[in-house]
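Residue numbering for the sequence shown follows the working numbering, starting at 167 and increasing by one per position.
Keep in mind the hints are simulated off the structure, nothing from the lab. Predicted model only: the values in this text are computed from it and were never measured. There's no promise every hint is true.
Derived PhoX-like pairs: lysine-lysine, alpha-carbon spacing no greater than 20 Å straight-line [as the list claims (entries may be wrong)]:
hint, residue 1, residue 2
1, K247, K228
2, K247, K183
3, K319, K280
4, K348, K184
5, K183, K228
6, K233, K280
7, K183, K322
8, K247, K280
9, K280, K320
10, K280, K348
11, K233, K184
12, K319, K183
13, K247, K184
If you anchor each label on the Cβ, the simulated ranges turn out as follows [to be verified]:
hint, residue 1, residue 2, range
14, Q195, D262, 23 to 31 Å
15, E222, E359, 19 to 27 Å
16, D190, E359, 33 to 41 Å
17, E268, N186, 19 to 27 Å
18, Q195, N282, 13 to 21 Å
19, T216, Y261, 14 to 22 Å
20, E310, E253, 20 to 28 Å
21, H231, E187, 33 to 41 Å
22, L324, D190, 27 to 35 Å
23, S221, K320, 20 to 28 Å
24, K183, E222, 40 to 48 Å
25, T198, S221, 30 to 38 Å
26, I248, E222, 30 to 38 Å
For glycine and all other residues, C-beta sits at the position ideal for the given N, C-alpha and C.
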Amino acid sequence: MHDLIQIIEILSSEEVKKLNEYIDTLTFQPNTVFGEGEKATARTEVRSSTGCILSEDEIFTKNLHLKMNAALEEYKDRVSKINVTFEHFPVPGGYDTNSWREAIQILDYREGQKYNMHHDTADLRRQEYYRTISIILYLTNDFEGGNTVFTHKKYKPLPGQALIFPSNWCYPHAGEPVTSGKKRVAVTWYYVEARTQDEYI
């Protein structure tokens with residue numbers, strides 16, 4: 167199970183620098199969490215970061231989209247070597263699948279900010295809410311704390327590297343409080359459906 171958490175390089179150092187320069191021009195708002203009735207609310211005791219959404223029309227977003235798709239191809243190739251069934255549904259890019267992603271979010275964590283243990287998919291098993299694969303792309307490393315923590319291990323990828331892993335309840339994770347500096351990540355979630363629905367029970 168832990169092998170399905172992979173670190174894959176998405177951006178070069180120069181691409182990270184240019185993306186951060188663009189992000190610095192954007193406006194950030196407090197992040198929210200889903201609560202009762204799947205309504206998004208700000209709960210700083212659970213999640214205290216700030217964030218913004220990248221416009222799909224921006225060249226930076228288009229480039230990042232292509233890079234993330236390429237990383238998912240690499241992810242599929244890696245996990246298919248663990249078990250050949252991962253060449254198929256539900257891995258994005260798998261045989262006979264359709265996939266799409268949410269808007270890419272940028273998250274900033276300053277000193278003391280965190281995100282408590284959670285999983286990324288919704289409790290409701292409906293296609294429009296059921297995230298399949300999570301991507302956490304690190305964009306800075308000049309901070310202390312701020313590891314991405316799973317139940318078995320802590321991760322702190324280098325800028326330009328992403329954690330890619332299943333979004334479901336088997337992969338709870340947290341963003342440790344930042345103790346100094348500023349942590350910045352880009353995150354998104356991919357959804358997958360089988361083209362031939364009857365084949366997957």
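Hint check:
1. K247 - K228: violated (29 Å)
2. K247 - K183: Measuring from Cα to Cα gives roughly 33 Å; hence the hint is violated.
3. K319 - K280: holds (17 Å)
4. K348 - K184: Holds, at about 17 Å.
5. K183 - K228: holds (16 Å)
6. K233 - K280: violated (27 Å)
7. K183 - K322: This hinted pair holds, its Cα atoms lying about 18 Å apart.
8. K247 - K280: The hint is violated at about 34 Å.
9. K280 - K320: holds (14 Å)
10. K280 - K348: It holds: about 11 Å lies between the C-alpha atoms, which stays within 20 Å.
11. K233 - K184: Roughly 15 Å between the alpha carbons, so the hint for K233 and K184 holds.
12. K319 - K183: violated (28 Å)
13. K247 - K184: violated (34 Å)
14. Q195 - D262: 23 to 31 Å: Given range 23 to 31 Å: violated, Cβ gap about 39 Å.
15. E222 - E359: 19 to 27 Å: holds (21 Å)
16. D190 - E359: 33 to 41 Å: Roughly 37 Å apart at Cβ, these two residues keep to the hinted range, so it holds.
17. E268 - N186: 19 to 27 Å: holds (21 Å)
18. Q195 - N282: 13 to 21 Å: At 19 Å between Cβs, range holds.
19. T216 - Y261: 14 to 22 Å: Given about 40 Å between the Cβ atoms, the range is violated.
20. E310 - E253: 20 to 28 Å: Distance hint for E310, E253 is violated at roughly 40 Å.
21. H231 - E187: 33 to 41 Å: violated (19 Å)
22. L324 - D190: 27 to 35 Å: violated (20 Å)
23. S221 - K320: 20 to 28 Å: Violated, at about 33 Å.
24. K183 - E222: 40 to 48 Å: At 22 Å between Cβs, range violated.
25. T198 - S221: 30 to 38 Å: violated (19 Å)
26. I248 - E222: 30 to 38 Å: At roughly 33 Å between Cβ atoms, E222 and I248 fall inside 30 to 38 Å, so the hint holds.
The structure fails hints 1, 2, 6, 8, 12, 13, 14, 19, 20, 21, 22, 23, 24, 25 (numbered hints given earlier, in ascending order).
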